[in-house]
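Going line by line, the protein sequences match chains A and B.
The first sequence: position 56 = 56 (our numbering), numbered continuously.
The second sequence: position 72 = 1072 (our numbering), numbered continuously.
Certain hints may be false.
Between beta-carbon pairs, the in silico distance windows are [unchecked claim]:
1) B:Q1227 - A:K140: 53 to 59 angstroms
2) A:K140 - B:M1032: 41 to 47 angstroms
3) A:K140 - B:R1017: 55 to 61 angstroms
4) B:I1344 - A:N7: 57 to 63 angstroms
5) A:E223 - B:T1332: 47 to 53 angstroms
6) B:Q1227 - A:T110: 29 to 35 angstroms
7) B:Q1334 - A:K133: 25 to 31 angstroms
8) B:I1344 - A:E174: 51 to 57 angstroms
9) B:A1407 - A:L171: 48 to 54 angstroms
10) B:L1223 - A:T110: 33 to 39 angstroms
Facing chain A, according to a computed beta carbon distance under 8 angstroms, are these residues of chain B, among others [as the list claims (entries may be wrong)]:
11) L1004
12) S1119
13) I1241
14) V1249
Hints were generated in silico from the structure; no laboratory data involved.
Cβ atoms here follow ideal geometry from the backbone N, Cα and C, with glycine treated the same way.
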Amino acid sequence: MTTNPNNITVNVDCVSKRFGDFTAVKDLTLAVRAGRIFGLLGPNGAGKSTSIRMIVNITAPDSGSIELFGQKINSRIQDRIGYLPEERGLYKSMKVGEQLRFFAQLKNVTGKDALQRIDTWLDRLKLSEWKQKKTRDLSKGMQQKIQFISAVLHDPDLVILDEPFSGLDPLNVELLKDVVLNLKRAGKTVIFSTHAMDIAERICDDICLINRSQKVLDGSIREVKKSFGRNSIAVRVEGTSNGNLAASRLVSNIEHHSDEMEVLLAANADPQEFLRELIASGAVVTKFEMIEPSLHDIFIEKVSETQ
Amino acid sequence: MTKLLAVIKREWTQRVRARMFIITTVMLPLAMILFAIAPALVLRIDSGNPMRIVVVDGTGKLLPRLKTSLNGDDAASDPEANVATRANSIASGRSSDFIFEQLQTAGRSEDDIKAELESRLRAKEIDAYLILPPDLMQSSKAQFFRRNTSDLISTRKIRDALDGALRTQRLVEARVDPRTIDQLDRSVDFETTRISGAGRERDAGGAFALVFLVGFVMYISILLYGQIVLGAVIEEKETRIAEVLFSSVRPFTLMTGKLLGVSLVALTQLAIWAIAFAGFALYGVSVLNSRGIPTRLPSIPFLFYVYFVVFFLVGYFVYATMYALLGSIVTTAQEGGQAAMPIIMLLVISFYLFLPVSRNPDSAVSFWLSMIPFFAPTSMLVRIVTQTPPFWQIVLSLLISLSTVAALTWLTAKIYRVGMLMYGKRASISEVVRWVRT
C-alpha cells in the first residue's frame, strides 16, 4: 500500500493489548487514509472492538503507539472524533432532543448551532417526530440511529463506528449506508467494524481483516480482490462434453451448478487461451465471465485458514 | 469547562424535574410535622370523655385548688394559674378534662364511704375517687382509686396537681404572702454564659442545639443523597453510556460534574426545607409572642452560621465521594447498597462523637477527631461552639477534608474508567489496586 504520511488520519503501529492471559490484539499495524471509508472486518471476538477502543483512547495499548491526525490523542483531537460504541447506551428518561444537546455540549457544540444540527440530523434520519419523546419510548433501531447522530453531531473529521449496521432493518441499513457515503463525500474519514461482508463490500475503500487478535490482510478492496484472484470463470456452453473440458491442461477443477459451471483454471493459465480452446472445440459459448472473489469468500477462506 | 457544566446541568435538571424529587421535597417536612404532632393528637383522642372523680376532702380546703390547677376554669381571673395551664386549656378547646364531685362525709365511717364509692365505681357512674384524709396536711398521704389504672397520664396529672395544691395550702397556712407563693412557684430561668478568648457570649446552648441540628441534617442528607450519588455513578455503567462519555470527557471531569450536580440537587432540596423551616420558626415565634408567651430564637453569632455551612458542605462531600468511590467499584445499585454499610457505620460513629467531644472539646482526642476527615465536620463544629479552637486548627481540618475529597474523586475517576469496561463483574480488591496503578 503506497501512502503519503500526510494523508494518514489514523496510524496504528504494532499495537498489542492483553487482558490477563488473553491477548485481544497482537502486533496490529494499520493506516487509515484520510477521506476514505475503512472497514475493520473480522469474526466475533477477533479484536475489532478492542482495536477501536484503543484508537478512541478508551483503553490504552500495552505496547505500540497510535496517532490520530499525526498526534498522540488529546482532548482537542477528541473533539474531532465521533464514536459510536458497540455497547449501545442512552439516558432512557431523557427526551431525544435534550439528550442530543447534552452530547453536543460534551463535544463543545452549544447554543443555536447545536439545535440546528440536531434538527437537521433528526430530519435526515427520519426521526424528527420523536424529538420530544423520551428515549425509552423508542425502538432499538431508533435508539441506534439517535446514538449515531450523537456520534456525528459535532461534524467530526474522523467517524468511528463499531458495528453500526447490526440490528437495523434493511431500510435503515440503506439509509445509514447513504449517510456514511455522504460523510465520505464531505471529506470525512470513516472507520467502521462489521462482520457483514456484503455491506463492507459495497461501501469500503480499504479494509483490514483481523482474526484471532491478528491482522490477516489489509489494503484497498481492489488490491485485496486482485491478490485473491483465483482465476475462476463462470461458463455456460452448449455442444461440448465435460470430458473434453476436464481433459484440458488449462483446467484444474470444474464445479457444476444448475445450468452453468465454475471453471477454476490452472495456475498461470490464460483465460483468453481457454476461451479460444472452447470455441475451437465447437462449443457455443453463451456465458463467459471472470469471477471476482467476494469479500465473503475471502473472509471465509482467510478465517478458516487461520482457525 | 463547557463539558463540566454540561454534566452538572444534566445531573441537576434530570433529578430536580423527577417526580420523586417533588414528592420527597413536600412529603418529608409533612412527615416530620406529623411525627411531631401525632403523639399529642393521639393522646388527646384517648382522653375521650372527661374523667368523673369523687373527692372526699377531709381537709375541706384542697378541692378548690385542685380543681383550678387541673381544669383551669377560673384561670382568667386567678393570678395563681400559670401561663402553661392557660395555653393548655386553649389548645385542648375544652374547659375541663375532669369533673369533680365533692362527697360530704358527715360523720360516716371511712369504710362505709369507701363501700358506697366502690359500688358506684363498679356501676360505672364514676371513673375514680380520691380520699384526702383530714390529717393530709401533716401525713401527706392520700388514696386514689380508679377503674383504669393503666392511664398513667391522668393519674400523674392528678398527683402533680394535688402536690401543688398541698404545697400552696401549707404556705398559705404558714401565712406566706400570696405574691411570694407565686414567686416561689416560678421555675428557674437557667441562662448559660460561655466565656471564650473572644469574651463573653450568651446562649451557647442555642448554638449547641443548632450544631446538633446541623449534624442531624448532615446525617439524614448523606443517607438520602449518598444512595443517589451511588446511583448516579453507576447509571452510566448500567446504561452503558460510559463509553460514549469517555470518548468526549475526561473521567475526572465526569466524576466531578456528577458529584457537583447531585450535590446541587441535595442543596436545592435542603434550601427549600431550610427556608420553609426558618419561615415556620419566625412565624411560630411571632404567634407565640402575640399570645403573650414570650419566646425568642436563640441568638447565635453570625460566624457560627458560616462555619455551619462550610462544615456541612465539607462533611457532605467527604461522604458523597466515598459513595461515589463505592459506585465506581460495584456494578449495580443493589450491590452498592449492601456494600455501603461501612460508610454508614462511619457516619453513625461521627454522629455519636457529639457527646465525648462536647464534654471535652479541648482534649487531645477531640483535636485528633476533628482532624480525621470522616469525623471532622461534626467534631469540629462541636468544638467551635463549645470552646472555639485556634483558627489554624479549623483551617487545617478543612484542608485535610478537602484534600480527602479531591483524592477520593481522583481515585473514583480512575477506578471508574477501568472498571466500566469490565461489565457485569464485580472487581476484587487486587483488581482495583491494579486499576489504580495503570
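Here's how the hints hold up against the structure:
1. B:Q1227 - A:K140: 53 to 59 angstroms: Violated - the Cβ-Cβ distance for Q1227 of chain B and K140 of chain A, about 30 angstroms, lies outside 53 to 59 angstroms.
2. A:K140 - B:M1032: 41 to 47 angstroms: holds (45 angstroms)
3. A:K140 - B:R1017: 55 to 61 angstroms: violated (26 angstroms)
4. B:I1344 - A:N7: 57 to 63 angstroms: Since the Cβ atoms of I1344 of chain B and N7 of chain A sit about 59 angstroms apart, the hinted range of 57 to 63 angstroms holds.
5. A:E223 - B:T1332: 47 to 53 angstroms: This hint holds: roughly 49 angstroms between Cβ atoms.
6. B:Q1227 - A:T110: 29 to 35 angstroms: holds (32 angstroms)
7. B:Q1334 - A:K133: 25 to 31 angstroms: Since Q1334 of chain B and K133 of chain A have Cβ atoms about 29 angstroms apart, the given range 25 to 31 angstroms holds.
8. B:I1344 - A:E174: 51 to 57 angstroms: holds (55 angstroms)
9. B:A1407 - A:L171: 48 to 54 angstroms: holds (52 angstroms)
10. B:L1223 - A:T110: 33 to 39 angstroms: Because 37 angstroms falls inside the window, the suggested range holds.
11. L1004: violated (10 angstroms)
12. S1119: Violated. Min distance 73 angstroms.
13. I1241: At about 4 angstroms, which falls below the 8 angstroms cut-off, the nearest Cβ of chain A leaves the hint on I1241 of chain B intact, so it holds.
14. V1249: holds (6 angstroms)
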